[in-house]
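Participant: Given the coordinates of chain R, assemble chain B onto it according to the supplied hints.
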Amino acid sequence: MSKIGNLGARLHRGEVGYDFVGNRKIWYGLSILITITAIVGLAVRGLNMGIEFQGGAVFTTPKTSVSVSQAQEYAEEASGHDAIVQKLGDGKLRIQVAGIETKEADRVSAELAKDLKVDENDVTGELVGPSWGEQIANKAWQGLGIFLVLVVIYLAIAFEWRMALAAFVALIHDITITVGIYALVGFEVTPGTVIGLLTILGYSLYDTVVVFDSLKEQTKDITKQTRWTYSDVANRSINSTLVRSINTTVVALLPVAGLLFIGGGFLGAGMLNDISLSLFVGLAAGAYSSIFIATPLVADLKEREPQMKALRKRVLAKRAQAAAKGEPLDAGHVEEPLDDEPDDAAPAVVGPRNQPASRSRGRGRPSGKRR
Amino acid sequence: MAAPKKGRSASAQSRPGRSLALILIAIVALTGGMFLSGHTTPRLGIDLAGGTSITLRAEAEPGQESAINKTNMDTAVEIMERRVNGLGVSEAEVQTQGDKNIIVNIPKGTNSKEARDQVGTTAKLYFRPVIATEVTGAAATTSPSPSPSGSATDKATDKATSSSSPSATGTPSATSTTQGRAAADALKADPTPSTSASSSASPSASASPSGSADTSKLEAQYAALDCTDKTARAKAGDGSKPSESTIACGQNAQGQWQKYILGPAEVDGTDVDEAEAVFDTQTAAGWTVTMKFTGEGRKKFADITGQLAQNQSPQNQFAIVLDNDVVSDPYVSQALTGGNAEISGNFDQESAQSLANMLSYGALPLTFSEDSVTTVTAALGGEQLKAGLIAGAIGLALVVIYLVVYYRGLSLIAVASLLVSAALTYVIMSLLGPAIGFALNLPAVCGAIVAIGITADSFIVYFERVRDEIREGRTLRPAVERAWPRARRTILVSDFVSFLAAAVLFVVTVGKVQGFAFTLGLTTVLDVVVVFLFTKPLLTILARRKFFASGHAWSGLDPKRLGAKPPLRRTRRPAGPVDPKEA
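Taken in order, these protein sequences are the chains called R and B.
Taking the UniProt record's numbering, I'd label the letters of the first sequence as residues 1 to 371.
Taking the UniProt record's numbering, I'd label the letters of the second sequence as residues 1 to 583.
This is chain R alone, in the form it adopts within the complex (with noise of 0.2 Å):
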């Protein structure tokens, strides 16, 4: 704990810190190539839509002693799709398997029948529809749209537009990766899948929100100084908000990733596998896509604005005419208004540090009052 403990401290203080968003290319091409990837798995394997989705067959077997785990193995492998097994009231077994036609539905039901052990005229098999049938999908797209709309409406009010733009852009990544990622397991989508897509939609742009409510907080005076770039104050946000970024993750990530690696890797839950994998890959990404690239990203988008730039301009002169003096930045005049509240940055006006300010930019932080 006691480095974890002190990593924390270091990079409260800007000791240590990695500099994000002036690595953000290698970032994006990496998100780059992976979202390339998803899109082309997506495209080259599509998705195995469940049976709720695209309807199938059901089987209705006669009394069987046939436990419902080993009939669903049994259904599996006479049809190569997954397969619901429930147990009637009498005895009886309903298969429903996904995605097979009339034809294909006969030659299930004789191996099944074989399978069971029963008469195969005993089982009938019939075509089913989907139960998630398309008025509640697209209802489900409508509701989305509209969430999507007003998110978007909502952090540009809050924040401002290019945050709202850097949280959708972030958003769309962490659900194509999740979508590609389960395009190219082959795992089929069932009702929990989209829940699971939902959930990660929700918490992508929570976890993005928190980032920027840091970023936000800390760059709201940030013209009236002239020692940091928008992208230098950006990258000391990330830094601070680092440690609280891999708490959470990991707080997250640990009981998903009990559903995924102990549940259905050694328990043989295999049917919390496609929930848990969507979530799993969903959570680590929207972590990621916060800091890696919905921040950078909006470092990108305020560093094209002239006020930013001309600020931009100030930096550089200013470090240019320190490093020709030799001298350390004297810090009598610079202040460090970045945080919100007046009173809070009270602290920071005092400012001088005794470190000169080249030797690290995420350097002499103003006051505690950040995250």
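There's no promise every hint is true.
Said to hold, decoys possible - List of simulated lysine to aspartate or glutamate pairs, EDC-like, C-alpha gap at most 16 Å:
| no. | chain 1 | residue 1 | chain 2 | residue 2 |
| --- | --- | --- | --- | --- |
| 1 | R | Lys216 | R | Asp232 |
| 2 | B | Lys70 | R | Glu134 |
| 3 | R | Lys220 | R | Glu305 |
| 4 | B | Lys300 | B | Asp273 |
| 5 | R | Lys139 | B | Glu78 |
| 6 | R | Lys313 | R | Glu303 |
| 7 | R | Lys117 | R | Glu73 |
| 8 | B | Lys217 | B | Glu244 |
| 9 | B | Lys100 | R | Glu126 |
To be verified - If you want the footprint, here are the derived chain R segments under chain B, 3+ residues with CB under 8 Å:
| no. | stretch |
| --- | --- |
| 10 | 77 to 89 |
| 11 | 123 to 132 |
| 12 | 148 to 156 |
| 13 | 183 to 194 |
| 14 | 211 to 225 |
Note that these hints are calculated values from the structure, not bench results.
Nothing here was measured: the structure is a model prediction, and the numbers come from that model.
The beta carbon of each residue, even a glycine, is placed where N, CA and C say it ideally should be.
Facilitator: Chain B in isolation, oriented as in the chain R frame:
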């Protein structure tokens, strides 16, 4: 660091003890309520607990076999889905099977009889003018002598006169209640001598439907109709078209069966915009269903009531016919232009609500009969579920270990907060099972697991703020207070996004997505509640304890470990205002 060990006196800015007491009382009350109600576990969805499976078969009406097609079946599925999933959280599944069947799966613990009524009822609603009516089968009712029939009629007449007054005095645009009440209650039995005295006499009103080609045939059917006979009742008016006159049965307020000749439908169910079950306290009519018409329906309704009002009884009555049964036969004394109508009958709360539900979501395009009803087991094996739960528990244990290692003493607060949050979620979900039919399915369980992350994040955001303050050289108590406003803002801003998602999805979507939105909204609200009423006050109180305030190595708030700035730095601080601004 001279923190008072027992600073119990509530400070001006925060009363931690009060919040803690509040949330603890809430937990105790809710838990008590849970045990009192006897629903100590959340109702599980069909994937986790199994349930009942109903197979419905579409019945072709003679000459309309082509009506059973994919479009109509899909529409029927949609309507059934909405009816049975009214609030969207009960996790029922509806799907077609084969060409003619629809399977409805409802989770264990649902009132399956009610659900069967809801999905299977066609709910074709018509407003038809009454041409003739009489009480039938008086002999078949409890008392065979004619005198009870006569007395019942008297009663009905009294009732009719007494309740007719509000309608007579009311203005045409009076509220729906007044209109509907008067209309609906009036003339449950026909007071005209011809029908009241004898049970089988030919209706005196027979002259009126003249002009129609089928009149005599209809009259013959009418004369033969005995509504006390169940099969006769079921057959009455079968296959009649809305545009033709028909015969039908209905039960009056005295529980007697009455038969009717009804004119062509003037207004039908599609003219109803929305319907609602209302408990009428004013006239003690009990549960009624009020309907609001669409613009067109309102006009039609005003027209027909205007015409009827000029007729003599019983032809000033109209019948509200639901699936060929007369549910109510109010009379009209004037045109009703308010755009509202009310059905009163022998409703209890459930039947009124399910009728309102059916009217709101529309009639099924087809008639269905119940093919089979059977129980089904959970789609997910019990062993798998157990394995999943064990895995989840291991994951949670890892979370606790991580928190203890990282936050040490603070993890106590985090874990306690998570426990409070978990307890509240569990209790509320248990209570919502019987209250609104909430059923927990596997995706919801997974959603709740992710919610652990979001809930824990709120503590982490706050703890990190506090530690930052300590790193600045503050002592614990001011650090706790100063860190709060900013942590609070972050928590509110980010939880608002989650809540927005939940609210929009809940309002717009149907079915499982709506169920998910509900879970998300619930956990988000609970997160805020727990952080505000539990985590923060608890930290405030614990900050007064020596263990934390002195920065014990295991408190997780040891300034040295946190790398706090030496106190020297504080001497350079200006004496600025220190009160944390409320964000």
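Participant: If a hint holds in the structure, say so; if it does not, say that too.
Facilitator: Structure-based check of each hint:
For the suggested pair Lys216/R and Asp232/R, the alpha carbons sit about 13 Å apart, so the restraint of at most 16 Å is met. Restraint check: the Cα-Cα separation between Lys70/B and Glu134/R comes to about 13 Å, which is no more than 16 Å; the hinted pair holds. Simply put, Lys220/R and Glu305/R have alpha-carbon atoms about 15 Å apart, close enough for the 16 Å limit, and the pair holds. Of the pairs offered as hints, the one joining Lys300/B and Asp273/B holds, with about 13 Å between alpha carbons and a cut-off of 16 Å not exceeded.
A distance of roughly 12 Å separates the Cα atoms of Lys139/R and Glu78/B; the hinted pair therefore holds under the 16 Å criterion. The suggested pairing of Lys313/R with Glu303/R holds, with an alpha-carbon distance near 11 Å, which does not exceed 16 Å. A threshold of 16 Å between alpha carbons decides the hint, and for Lys117/R with Glu73/R the separation of about 15 Å falls inside it, so the pair holds. For a cut-off of 16 Å, the pair hint linking Lys217/B to Glu244/B stands: about 13 Å separates their Cα positions.
Of the pairs offered as hints, the one joining Lys100/B and Glu126/R holds, with about 11 Å between alpha carbons and a cut-off of 16 Å not exceeded. For the stretch 77 to 89 of chain R, the stated coverage by chain B is satisfied: 6 residues place a CB nearer than 8 Å to a CB of that chain, which reaches the threshold of 3. Judged by the Cβ-Cβ criterion of 8 Å, the stretch 123 to 132 of chain R is covered by chain B as claimed, because 7 of its residues qualify and three suffice. With a threshold of 8 Å between beta carbons, the proposed coverage of the stretch 148 to 156 of chain R by chain B holds, since 4 of its residues qualify and at least three are required.
Counting residues of the stretch 183 to 194 of chain R whose CB falls under 8 Å from any CB of chain B gives 3; the rule of at least 3 is met. With a cut-off of 8 Å between beta carbons, the stretch 211 to 225 of chain R has 3 residues touching chain B; three or more are needed, and the interface restraint holds.
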